[in-house]
Amino acid sequence: MNANNELNVLKATAQQIRRDVLLMINNAQSGHPGGPLSAADYLTVLWFKYLRCDVKNPFWEQRDRFVMSNGHCSALNYALLARRGFFDPGYLLTFRTLESRLVGHPSRVKLPFIEVSTGSLGQGLSVAHGMALGAKLRGWDDATIYCNCGDGELQEGSCWEAITSAGHRKSENLVLMVDYNNAQIDGFVPDVKELAPLAEKLRAFHWRVIEADGHDFEQIDRAFAEAKQRAGKPTALLFRTVMMKGCPSFENIPGWHGRPPTDDEARVMLRELGFDDDLEKARASMGNRDFHPAVPMEEQL
Amino acid sequence: MKTPQLQSVLPSKFWKMELTREGYGRTLVELGHENSRVVVLDADLSQSTLTKYFAAEFPDRFFEMGISEQDMMNTAAGLSLTGYIPFLSSYAVFLTSRSLDQLRNTVDYTRLNVKVAAAHGGISVGRDGPSHQSMEDLSNTLVLPNMTVVVPADEPQAEAVTRWAADYVGPVYFRLGREKVPTITDGESSFEHGKAQVVIEGEDGTIIACGLMVSEAIKAAELLATEGIFPRVINVATLKPLDTNAIDAAAQQTGAIVTAEEHSIYGGLGSVVARHIAESSHRVPMRIVGIPDIYLTSGSPEELLEVAGLTAKNIAMKLKEVIKAK
Numbered sequence: 001m002n003a004n005n006e007l008n009v010l011k012a013t014a015q016q017i018r019r020d021v022l023l024m025i026n027n028a029q030s031g032h033p034g035g036p037l038s039a040a041d042y043l044t045v046l047w048f049k050y051l052r053c054d055v056k057n058p059f060w061e062q063r064d065r066f067v068m069s070n071g072h073c074s075a076l077n078y079a080l081l082a083r084r085g086f087f088d089p090g091y092l093l094t095f096r097t098l099e100s101r102l103v104g105h106p107s108r109v110k111l112p113f114i115e116v117s118t119g120s121l122g123q124g125l126s127v128a129h130g131m132a133l134g135a136k137l138r139g140w141d142d143a144t145i146y147c148n149c150g151d152g153e154l155q156e157g158s159c160w161e162a163i164t165s166a167g168h169r170k171s172e173n174l175v176l177m178v179d180y181n182n183a184q185i186d187g188f189v190p191d192v193k194e195l196a197p198l199a200e201k202l203r204a205f206h207w208r209v210i211e212a213d214g215h216d217f218e219q220i221d222r223a224f225a226e227a228k229q230r231a232g233k234p235t236a237l238l239f240r241t242v243m244m245k246g247c248p249s250f251e252n253i254p255g256w257h258g259r260p261p262t263d264d265e266a267r268v269m270l271r272e273l274g275f276d277d278d279l280e281k282a283r284a285s286m287g288n289r290d291f292h293p294a295v296p297m298e299e300q301l
Numbered sequence: 001m002k003t004p005q006l007q008s009v010l011p012s013k014f015w016k017m018e019l020t021r022e023g024y025g026r027t028l029v030e031l032g033h034e035n036s037r038v039v040v041l042d043a044d045l046s047q048s049t050l051t052k053y054f055a056a057e058f059p060d061r062f063f064e065m066g067i068s069e070q071d072m073m074n075t076a077a078g079l080s081l082t083g084y085i086p087f088l089s090s091y092a093v094f095l096t097s098r099s100l101d102q103l104r105n106t107v108d109y110t111r112l113n114v115k116v117a118a119a120h121g122g123i124s125v126g127r128d129g130p131s132h133q134s135m136e137d138l139s140n141t142l143v144l145p146n147m148t149v150v151v152p153a154d155e156p157q158a159e160a161v162t163r164w165a166a167d168y169v170g171p172v173y174f175r176l177g178r179e180k181v182p183t184i185t186d187g188e189s190s191f192e193h194g195k196a197q198v199v200i201e202g203e204d205g206t207i208i209a210c211g212l213m214v215s216e217a218i219k220a221a222e223l224l225a226t227e228g229i230f231p232r233v234i235n236v237a238t239l240k241p242l243d244t245n246a247i248d249a250a251a252q253q254t255g256a257i258v259t260a261e262e263h264s265i266y267g268g269l270g271s272v273v274a275r276h277i278a279e280s281s282h283r284v285p286m287r288i289v290g291i292p293d294i295y296l297t298s299g300s301p302e303e304l305l306e307v308a309g310l311t312a313k314n315i316a317m318k319l320k321e322v323i324k325a326k
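Chains as they are written, first to last, in this note's numbering: chain P, 1 to 301; chain B, 1 to 326.
Capping the alpha-carbon separation at 25 Å, the derived lysine-lysine pairs in PhoX-like fashion look like this:
no.	chain 1	residue 1	chain 2	residue 2
1	P	K228	P	K170
2	B	K326	B	K219
3	P	K11	P	K228
4	P	K136	B	K52
5	B	K52	P	K170
A few chain B residues that face chain P, going by a derived Cβ cut-off under 10 Å, partial list only:
no.	residue
6	M65
7	G78
8	Y84
9	N105
10	Y109
11	T110
None of these hints come from the bench; they were simulated from the model.
It should be emphasised that the depicted structure is a prediction, and the values quoted were computed from it without experimental measurement.
Each residue gets a CB set at the ideal place from its N, CA and C atoms; glycine is no exception.
Next comes chain B alone, as it looks inside the complex (with noise of 0.2 Å):
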């Protein structure tokens, strides 16, 4: 017997619409209250990456870099070294190539506390073309031994994210994007590090997605819902450590899998659930829904997420496919 479980989330057409970086904006400003031990950087876009409100209210902790994106990854490693807790930010494709190399030799290899919050995440930045739209961040940083990655899926989630990363010690990545998203988790209980959740019950396979993505694939579960198919929708907001546990109970009880992501094909949320199945014991059908191996271009959002087919329509004939395979 089959149990629709779509009335645990709030359908589609109710969903409040925030901004991740308002989130963590806000959130830093609480933390410098709080702890004076957090230090805030930036590199030019504190009025983007919302860093300007603590920088308001903290002038003497908020460090403004200008445009050295790799000045600012090492002084924040310095600033750590004398006993802070920086919260760095610029936009994500800039963070985790331009100062990759930082990232890696100094940041993640000495387990430094530092913290890069990375804003205007994926291709539904928009307009300003490729070159400002983020493909391969978590590929970037889930190479690094060291780094937990996390992906708030909204606005209380990227909250909760901010208010946990300054109380764990060691490197951490977390992107934030530029566009209002739907709220789909709830405040008090949005995050617990390593833990995925599991946001809708089912079993006629599993979508398992981060970010942006999670409220694609609850749209799906809807689409699919009304076709009599009602797949487990699970947000993994910590793609490293990954909740392997939760991964298994979905391939063992579900029997299929589609991971929808705003990231490259390579090396993200994909490629980290299916290196994990091929190796264990449910090696069930799996789909990767992610940003093929292009370019994109400039665009609005909408536009952009479907030519990459990041839509709940592809992740829901996607979840069809798998079915099938089965």
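Excised from the complex, chain P in its bound form (with noise of 0.2 Å):
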């Protein structure tokens, strides 16, 4: 596959990737589209291109790991799980449903694809570090343990010491993804409180900073390309997003952060990421509910 088609179908991917976090969230009446949305592009290019995992051997010691911080996206989460092959996309029409492994916020406890529980914010990047000193004393070299933060979570003091941390430990096997959207439950980030200059205080932590537009597959695709070269130091890349993108009516609106679209709303949204607008169809193109993972969760576990 020449670069340009590889670029077209992870593009492809990440538009299929929207339309199931908005099925989902749309039938669950419950869930976060604005981050999922503004993160699909550049967690596509990751988990289809990178992140070094084995569906059929899901827990391979050595594997890259990745941590949604921001738990509040899990719906991005597990799509990207299914449609990466961990499990089958029609179960995701289970999410935040009292029998699902698919709880509001990942967990590990349900769903052990998930290399860590998260939800409260500010919690993500610590243990994503202690992942990458654990793999460094393990010897597993070319595992690289990736992290992802929305940029209002970094208002978390908690993420500045795990930021000390891991430039004064030089930990170069650490990579954080900042989904810069500029948008947060209360408004914007500027307005709330601001972040900026983000690159210029992560590079006095003693990082490597990379900034690249988060919806731009060519500069993202460098962006990852960059960050697997080793630097010595830990690796933040800064990617430029909008909350909602792909459905322009409803870019860059703070209040979707966590509010449900209606049946209305969601066939909007699907016409304007480039879909039919029939929800039922399209729920039913998702496949039956059953879990049915790649390996018998007994054998993985």
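With the hints in hand, could you dock these two chains into one complex?
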């Protein structure tokens, strides 16, 4: 596959994942669409091109690890897992229901493919750094630990404890991705509590910083390729993104952080993403709602 | 016929005084030699928590996290997820308040194999004052569904608990003290997880104690013996899961219970024992000796324990009250 084709396939996959996320949240009438749509492009590139994982051997010790520190983007995490082949996509529609493994915020207890349970903001980066230290100590030299944080999440002081630690320890196998969509529940980040100049702050904390347009697949690809090269320090990828990207009528409105679309809104969103807007058919197209993991759970654990 | 069993323990005047954190720190070094998966983290208190011994012996497996308890808790979580057995230490009051979110949402919810060894538990910390005294750590950890909560009574028990924690799979909270405490257990058999130990047999009520208060309970039994009262004394080192068989037997056979702990009267040993008794078929009279609902201040450990009523004399008085209420 030539490079252009590859990026086009990734682009189409990201759109499909956006559709999954919207159908999940609309079906549950609960969840957070804003962040998943802003992070979908770059996390699709990570999961389908760079993340070293094996659906047939999901607990392979030397795998790369992914932590969704902003756990409210759970729908995106689950859709990535399903489309990557860990379990059947139809199961995504059980999201946030009593019997489902797809808990509101990612739960390792219910779904062991989740590397660590998250939901309380500001916790994932320290855990990811602990994994990075562990991987280094175990001699898993090729393993990279990726952690996704929301920009608003970086208002949590505990993030900066982790940023300080990783910079101090020169943990070069740790990659932080910031979904810099500039929006949070109560408004725009500069109005709520300004983070800028974020790149300069991270550099001052002894991190390598790579900035990219989080919706430009060539830039995303280059950023991950560069991040793979060890730098003697941890790497932060600042992805400039747009909340609700892909659905122009809804983009860049902080209110979409955590509100499920009504059926009417969901139809508009699907159309804007370039899909048929029949919700029932769209749900049926995802397949039956059995979990059906790639390898039976009892063999995995 | 009542049989005084005080001779089963060494009289208090012969007690040797030792540090629980010394037992912890030394045992970590032994574990470090035995098991390469044991790692240790500290938050700029390794000189007090005595993780410094491990740090000196195994610098590659010791993580100095600086003054960052939240980061330490979750870094330990991450290490456990790559197959390590992390022990982390700071003061009890910080670990169970500053980093409680991390302890709850990451470590406990996910049942991670993290060992939280909290030094300077209780008010016997002394002169640093209430900011450094811990009277709510047991309450804050007992409420976590996957947590097991352990309070060693003395140095040999602290060693045994440390050793046990490395083998046990899952989150553990255990509490150590700042001050030297009397050695009242014997090293070989000093800890069995989830099992209470009858320290003194007796039938005139039961004193159920943990930590530092086990030795006060023994002293209370000595005082009471001079009045012809012979209570049972039980050391409940594992607060969760609670040894309900030992509590039931005490209620049934002795008819009255006093609990004693260096912790708030809310949510600690007294609370868990009272909850069990209230739902059992032996609803015997009970008193709870613990820190009343106040902040203390600076003072010597002895002065503070006296102010809070955590004394042998007070325990003995409460026992006489419950015996009367039978």
